[in-house]
Every structure is written in C-alpha cells, then in structure tokens.
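J.: Residue strings, one per chain:
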Amino acid sequence: MTDFDPVSTPAGPHPGSASGKNAAPVSSGPETALRRLARKSEWFLIGPVDCAKVDAFAWLFTASFLLWMLHHFSHPLEWLTEKGFHLNSEDLRLMNYPAAFPLLNEWMVPFFGVLLFGSIALFLAGLRNRLLLIGLFLLALYVQRVDYMASFTLNKIYVIVYFMLAAAPPRSSLSANSATTQSAALLRLLQGFLLVLYFTAGLSKLLPGDWTNHSDVLWTHVQGVYRTDFAAWTLRTMPPVFWTVMQYLALGFELFAPFFFCIRKIRIPVILSGLMFHIVIALLMRELVYFSLQMIAFYLLFVPQSWINRVSFLYRERSPKEIWGKIRRLAR
Amino acid sequence: MWAWGFFIFISLRVIAASVVLGCGGRLPWTDARNSIDYECRLAGLFTTRAKSWLQDRVFVTFRDGSRHELPLKTFSEINVFGDRSRLDRMIVESYGPAAPGVQRRLAQWIASSYPPQDVVRVEFGRTRWMIGVPELATPQGAWEFRTRPTRDPNTSILSTHNFANRSGSLAAGRSGNFGAPVRDSPPAKGVTTNPAQRTNTPRRPTLARNKPLQNPATSQSSDSTPQADPPKFRNVAPSPTLKVLDFSGATITDNDLQALSQVPNLEEVDLSNSKVTAKGLKRLLILRNLKTIRIEGTSITKEALAAFWKQHANLYQSGTTSATPLPAVSSNPALDELAKKP
Numbered sequence: 037m038t039d040f041d042p043v044s045t046p047a048g049p050h051p052g053s054a055s056g057k058n059a060a061p062v063s064s065g066p067e068t069a070l071r072r073l074a075r076k077s078e079w080f081l082i083g084p085v086d087c088a089k090v091d092a093f094a095w096l097f098t099a100s101f102l103l104w105m106l107h108h109f110s111h112p113l114e115w116l117t118e119k120g121f122h123l124n125s126e127d128l129r130l131m132n133y134p135a136a137f138p139l140l141n142e143w144m145v146p147f148f149g150v151l152l153f154g155s156i157a158l159f160l161a162g163l164r165n166r167l168l169l170i171g172l173f174l175l176a177l178y179v180q181r182v183d184y185m186a187s188f189t190l191n192k193i194y195v196i197v198y199f200m201l202a203a204a205p206p207r208s209s210l211s212a213n214s215a216t217t218q219s220a221a222l223l224r225l226l227q228g229f230l231l232v233l234y235f236t237a238g239l240s241k242l243l244p245g246d247w248t249n250h251s252d253v254l255w256t257h258v259q260g261v262y263r264t265d266f267a268a269w270t271l272r273t274m275p276p277v278f279w280t281v282m283q284y285l286a287l288g289f290e291l292f293a294p295f296f297f298c299i300r301k302i303r304i305p306v307i308l309s310g311l312m313f314h315i316v317i318a319l320l321m322r323e324l325v326y327f328s329l330q331m332i333a334f335y336l337l338f339v340p341q342s343w344i345n346r347v348s349f350l351y352r353e354r355s356p357k358e359i360w361g362k363i364r365r366l367a368r
Numbered sequence: 028m029w030a031w032g033f034f035i036f037i038s039l040r041v042i043a044a045s046v047v048l049g050c051g052g053r054l055p056w057t058d059a060r061n062s063i064d065y066e067c068r069l070a071g072l073f074t075t076r077a078k079s080w081l082q083d084r085v086f087v088t089f090r091d092g093s094r095h096e097l098p099l100k101t102f103s104e105i106n107v108f109g110d111r112s113r114l115d116r117m118i119v120e121s122y123g124p125a126a127p128g129v130q131r132r133l134a135q136w137i138a139s140s141y142p143p144q145d146v147v148r149v150e151f152g153r154t155r156w157m158i159g160v161p162e163l164a165t166p167q168g169a170w171e172f173r174t175r176p177t178r179d180p181n182t183s184i185l186s187t188h189n190f191a192n193r194s195g196s197l198a199a200g201r202s203g204n205f206g207a208p209v210r211d212s213p214p215a216k217g218v219t220t221n222p223a224q225r226t227n228t229p230r231r232p233t234l235a236r237n238k239p240l241q242n243p244a245t246s247q248s249s250d251s252t253p254q255a256d257p258p259k260f261r262n263v264a265p266s267p268t269l270k271v272l273d274f275s276g277a278t279i280t281d282n283d284l285q286a287l288s289q290v291p292n293l294e295e296v297d298l299s300n301s302k303v304t305a306k307g308l309k310r311l312l313i314l315r316n317l318k319t320i321r322i323e324g325t326s327i328t329k330e331a332l333a334a335f336w337k338q339h340a341n342l343y344q345s346g347t348t349s350a351t352p353l354p355a356v357s358s359n360p361a362l363d364e365l366a367k368k369p
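Residue numbers (our numbering), protein chains in the order written: chain F, 37 to 368; chain Z, 28 to 369.
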C-alpha cells in the first residue's frame with residue numbers, strides 16, 4: 037500500500053500518533069490487523085494531504101482549458117450562435133446525443149466571452165473558492181453541450197474534473213506544518229481517473245479492438261485525417277517495423293502504465309515515457325495537442341512534492357485582495 | 028462523511044462507469060442519452076485497424092451551370108477534427124437515420140450562404156481513400172482537402188438537393204427553416220460529369236456570415252464584371268420531373284405562381300408563411316397531379332382552400348367531389364369534410 041502513492045505527503049501526523057488534530061481516532065482496545073489495515077486505508081483514501089499537488093494540477097489543467105477555449109473562440113458566432121449550422125433536437129436524438137443547450141444570441145457572445153475567460157483568468161491568478169469552481173464546471177458543461185460537433189473526449193474530461201474539484205471536501209489550514217490541506221479523496225480520485233483512462237484505452241484496443249491481430253494498426257491511423265506534416269515525413273521515411281514497434285509500445289504503455297505508476301522506484305521513468313507518448317501524439321495528429329496538454333497536467337499529481345514546490349509561484353492560492361493588487365500593478 | 032460520500036460517488040458512478048462504457052460494455056442502468064453516462068464514455072478511440080479514410084465532399088451547382096467542389100471548411104472555420112470541420116463531423120456522425128435530415132438542412136444552409144437564387148443544386152459526396160494508396164502511405168504533407176473525379180469508383184454521391192427558387196432570408200441555427208425550396212433526390216452512385224462540368228477547386232472564399240458567399244466562378248473573374256440580374260421565378264426551366272416545391276418563408280407572390288405551368292407534374296407545394304393569397308391559389312389549378320398544399324401563415328382561409336380543392340376535383344376527376352377522395356388539405360382532415368359540402 038505504501039508503494040501505491042508515496043508521492044503525497046500526509047500533512048498531518050500519521051494515525052497512531054495521537055498528537056495531531058488530523059489524526060485518525062485510536063481505539064482503546066487491542067488493535068487487530070484488520071482494524072489497523074482499515075485505519076491505514078482510510079488514512080490513505082481520505083486522510084488530509086497537502087493541496088499543493090492538486091493545485092498545481094488544476095492550474096495546468098485550466099491553462100489547457102484556456103487554450104482549447106481560445107481555439108474555439110476564434111470563430112464564436114459559428115460555434116455559439118445561429119450564424120453557424122447546428123444540429124436540431126431530432127438530429128441529436130437520432131444520433132444518441134443528450135439534448136443540446138440553447139444557443140446564444142449574438143449580443144450575448146461578448147458577455148459570455150468575458151464570463152468564460154474571466155473565470156479562467158481568476159482561477160489561474162490564484163482564486164480557489166468553490167463558487168468559482170462551480171462556475172468553471174457549468175461553463176465547461178455549457179461549451180460541451182451547446183455544440184456537440186465541436187466537443188470531444190477532452191471536453192468530457194473538463195466537465196468531470198471540474199465537477200470533482202467543485203464537489204471536493206473543504207480545505208483546511210489546521211495542519212501541523214501550516215500547509216493548506218484537504219481530504220486525500222480528491223487527489224486519489226484524480227490519480228485513479230488518469231490510470232483508469234489509460235487502462236480503459238488499452239483494454240478497448242485489445243477486447244473489442246484488433247491491435248494484436250495486425251502489425252500495422254498505428255500505420256493505418258497516422259495516414260488519415262489527423263495527419264500532420266511531421267506524420268507525413270515519418271510515413272515517407274520510416275520502415276514498417278518502426279510503426280509496429282510504436283504500436284506495441286503505445287499499447288503496452290496504456291495497459292501497464294497504471295501499474296507502473298504505482299511503483300515509486302520507477303515512477304519518474306514512467307512519467308518521462310508518458311510525456312514522450314503524448315508529445316509524439318501531438319506531433320503526429322493534428323489538433324490533438326490540446327488533449328496531450330490536458331493529459332500531461334495529470335502527471336503533476338504523481339511527481340515528487342519537492343518538484344511541485346519549486347513552481348509554487350505559478351499555482352499558489354491568493355486572496356482576492358492580493359489578486360486585485362497584482363492587477364493594479366500590471367495596469368500601471 | 029463528505030470525504031467518504033464524495034469518494035464513493037465518484038468511484039462508483041463516474042470512474043467505474045468510465046471503465047465499462049469505455050470498453051464498449053453496458054451497465055443495466057446506463058442509457059446513451061443519460062447525461063452522466065454520456066460524460067463517462069471516454070476511451071475507445073482508434074481501437075481497430077483502419078481499412079480506409081473517408082473524405083466528405085460538397086458540390087455546388089450555380090445558376091450559370093458551373094459545378095464546383097468546395098471543401099466543407101469553406102462553410103465552417105472551426106477546425107476541430109484533424110483536418111476536418113464541424114460540418115465534416117456532422118456528416119460522418121449522422122450516418123444512419125439522421126443522415127437525410129441533416130444533409131437536407133445542411134444543403135439548404137449552404138445554398139443560403141450565397142446570393143438568392145445563385146445556387147440550383149447542392150450534392151454531398153464521399154470519397155473512400157483506401158489504406159496504402161500513395162496519397163496516404165507516402166504523402167507529401169499533412170492531410171488536406173483533395174479533389175478526385177466523381178466517376179472514380181471510390182467516390183459516391185450521398186444525396187442531391189435541388190433548389191428551384193430561393194428568396195427567403197437566411198435563418199440557420201436549430202430552427203431548420205431556411206426558406207429554401209428543396210427537392211431531395213435519391214442517392215446515386217458513381218455520378219459522372221462531362222468534361223465541361225468537371226469539378227474543380229475554386230479559391231476558397233472568405234467566410235463572412237454577414238455577407239453572402241459568391242459563386243466561385245464569379246468571384247474569380249474581374250470585379251468590374253456586372254452581375255447578371257437574378258432570374259425571376261417565372262423564367263424557371265421546364266421540369267416535368269419535379270414533384271415537390273417548398274416555398275415556405277419565401278417572398279413569392281401570386282404572379283410568381285404562374286410559372287408553375289413549367290412543372291406540370293408537381294404533387295406537393297408548401298406555401299407556408301409566403302405572400303400568396305386566395306387569388307394566387309387559383310393559379311395552381313393548372314397542376315392536375317397536385318395532392319398536397321400547405322398554407323400555414325398565409326392569408327388564405329380554410330374555406331378558400333376547400334373551395335380550391337373542390338374546383339380542382341371538378342376539373343380533373345370524374346364524378347362529384349363527395350364521391351372522390353380529396354387530397355390531403357394542409358394536414359387538416361376536417362377540411363376534407365368542409366370541401367365535400369355542396
């Protein structure tokens with residue numbers, strides 16, 4: 037169990053040392069092995085942890101959301117208003133989509149832009165209150181459902197993750213080392229979410245898919261509509277065996293990364309492999325750079341705490357007064 | 028308590044569902060249109076070997092007879108799907124029961140992007156690029172819009188949409204009413220064009236939704252070339268095969284209906300929300316095969332419509348109106364009874 041997630045430093049004292057306010061209650065009777073296991077599990081799953089890792093993740097995750105929204109907002113009228121062609125409710129029903137959210141009037145678009153980018157900017161500036169997170173969740177949900185044809189898997193991930201951030205247990209500053217802490221539930225669920233994403237992606241290539249029946253599956257996908265200039269160059273220059281090796285490396289990473297991420301000693305090489313995996317996807321497949329950036333944000337949940345602390349100036353929580361002062365300084 | 032509740036809900040309802048749905052499985056309580064389940068269907072991309080890649084194509088025929096192939100990106104500038112636009116994705120994903128409706132409305136919307144009456148036909152086509160052909164296996168650059176003759180065996184026409192007349196204002200969005208009369212033809216495979224009409228790739232026009240697009244042939248010529256007057260409906264070419272005309276929302280008047288003598292086999296006319304009056308309705312008496320008229324939003328009364336049907340039946344059908352089943356009248360069966368009254 038200790039190998040599963042040694043990266044999160046418990047902010048309070050460990051259960052068993054009854055001196056801390058965050059310590060789990062200690063039973064008075066003789067402690068059985070089962071009870072000890074239950075108590076450790078509880079500590080691991082929902083005990084207090086430093087918020088730094090989740091904050092760093094949320095910052096980069098929101099930065100990727102900003103880029104994705106900027107990409108869409110280059111043509112807001114086509115995307116959000118009746119100026120563009122949109123599917124109607126009957127089309128969506130036949131295509132098995134949930135009902136769409138209403139489109140905006142043209143005059144609403146600038147206000148929506150201010151609301152969307154203002155919320156993102158406030159979050160990136162360091163505001164961390166629940167109201168803002170609920171707002172980001174609702175905005176992510178709206179931009180996904182107003183136009184299903186402009187939203188993809190990464191939109192679903194924005195919706196799910198902002199929901200998790202908004203519904204997470206409250207934070208506390210009462211720990212012994214005065215760091216802001218929160219129940220580990222959010223951290224564990226976000227970590228688990230990434231591992232499940234990888235594993236499911238790999239499993240679907242095995243079970244309904246045919247990645248082990250052919251040696252050229254990746255080669256066939258790179259040729260299609262996602263093909264970039266770099267992919268074209270690679271297709272022209274690399275021998276078939278290159279694509280076979282890449283195919284099995286990708287499949288192996290998706291299937292086994294969830295287990296490798298749980299082993300502390302090899303975690304850094306696994307993270308580097310994952311970075312390479314997503315960089316190659318972004319280079320070979322057009323418009324998937326946003327998805328790669330979103331996935332890379334999850335890696336911050338697994339890196340050592342000391343790495344996170346070095347860039348705390350980026351993501352650290354700030355009060356509204358502090359943010360306002362910063363804005364005024366920038367305005368001057 | 029909050030921490031445990033949060034942990035259990037997310038684990039069971041979101042993450043567990045993601046695993047099952049992502050692998051193509053189903054859960055007893057899942058529903059494709061359920062909001063939470065929709066969010067949880069995450070993985071399952073690129074799962075099988077691709078045998079071919081599809082390229083959706085749109086051909087626009089203009090009033091002057093020129094036929095141009097235009098990338099769908101001409102009409103949609105958000106690039107969201109590799110090198111594809113939102114509209115490409117609509118055509119790809121609406122495969123199945125949604126396809127006819129989506130393609131019909133999209134054709135109307137594309138026609139509405141040009142000056143009124145400029146577009147006479149919109150066709151959707153699809154080219155299948157087989158894996159391993161040189162264009163795919165050893166490409167010179169990124170995937171891009173590429174023309175291929177429509178007589179190529181790997182190219183098919185998905186649907187054809189003819190526009191007899193269009194003078195309604197552009198109204199896109201989810202309403203689906205563009206005021207563009209349209210007739211859908213059944214899909215034809217391997218449609219060929221003669222060399223004079225061979226498709227080409229005109230310069231991509233600048234998409235400015237506040238201004239209509241220009242016929243690519245016209246826009247490539249000198250700017251000083253005067254635009255021809257838009258054709259009047261009364262100049263419409265004879266079309267004995269035309270069966271359905273949709274004038275809903277169009278600004279046609281009673282006089283325009285005189286031109287319907289050119290389409291004698293018309294069976295259905297939609298006059299909804301047009302300026303046609305009861306007087307103009309009489310001009311439809313020349314259409315002996317007429318079966319359905321729609322008049323919602325016009326000044327034509329139900330009594331006038333019933334009188335029209337009675338006169339129509341007297342002209343073209345033997346016997347009395349009461350002995351002859353009348354055609355459908357504005358989707359209102361009660362009007363049939365009204366027409367039967369002496």
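Derived by calculation from the structure, the hints in this document are not laboratory data. Some hints could be false.
Pairs of lysine to aspartate or glutamate residues, derived as EDC-like cross-links and limited to a Cα-Cα distance of at most 20 Å, are as follows [what the hints assert, rightly or not]:
#	chain 1	residue 1	chain 2	residue 2
1	Z	K329	Z	D281
2	Z	K306	Z	D179
3	F	K301	F	E323
4	Z	K306	Z	D281
5	Z	K78	Z	D179
6	Z	K78	Z	E104
7	Z	K100	F	E118
8	Z	K78	F	D252
9	Z	K100	F	E323
10	Z	K100	Z	D83
11	Z	K78	Z	D110
12	Z	K306	Z	E295
13	Z	K78	F	E142
14	F	K192	Z	D281
15	Z	K329	Z	E295
16	Z	K302	Z	E323
17	Z	K78	Z	E96
18	F	K192	Z	E120
19	Z	K270	Z	E294
20	Z	K78	Z	D64
21	F	K119	Z	E104
J.: Could you run down the list of hints and mark each one as holding or not?
T.: For each hint, the structure was consulted:
1. Z:K329 / Z:D281: The hint holds at about 17 Å.
2. Z:K306 / Z:D179: Violated, at about 51 Å.
3. F:K301 / F:E323: violated, 34 Å
4. Z:K306 / Z:D281: holds, 7 Å
5. Z:K78 / Z:D179: holds, 18 Å
6. Z:K78 / Z:E104: Since the Cα atoms of K78 (chain Z) and E104 (chain Z) sit roughly 28 Å apart, the hinted pair is violated (cutoff 20 Å).
7. Z:K100 / F:E118: Since the Cα atoms of K100 (chain Z) and E118 (chain F) sit roughly 17 Å apart, the hinted pair holds (cutoff 20 Å).
8. Z:K78 / F:D252: OK: K78 (chain Z) and D252 (chain F) at ~11 Å, within 20 Å.
9. Z:K100 / F:E323: OK: K100 (chain Z) and E323 (chain F) at ~15 Å, within 20 Å.
10. Z:K100 / Z:D83: holds, 11 Å
11. Z:K78 / Z:D110: This hinted pair holds, its Cα atoms lying about 19 Å apart.
12. Z:K306 / Z:E295: Measuring from Cα to Cα gives roughly 19 Å; hence the hint holds.
13. Z:K78 / F:E142: violated, 43 Å
14. F:K192 / Z:D281: violated, 53 Å
15. Z:K329 / Z:E295: holds, 17 Å
16. Z:K302 / Z:E323: holds, 11 Å
17. Z:K78 / Z:E96: Violated: K78 (chain Z) and E96 (chain Z) sit about 25 Å apart, past 20 Å.
18. F:K192 / Z:E120: holds, 18 Å
19. Z:K270 / Z:E294: Answer holds: K270 (chain Z) to E294 (chain Z) is near 5 Å, not above 20 Å.
20. Z:K78 / Z:D64: violated, 30 Å
21. F:K119 / Z:E104: At roughly 12 Å apart (the allowed maximum being 20 Å), E104 (chain Z) and K119 (chain F) satisfy the hint.
Checked against the numbered hints given earlier, this structure breaks hints 2, 3, 6, 13, 14, 17 and 20; the rest are met.
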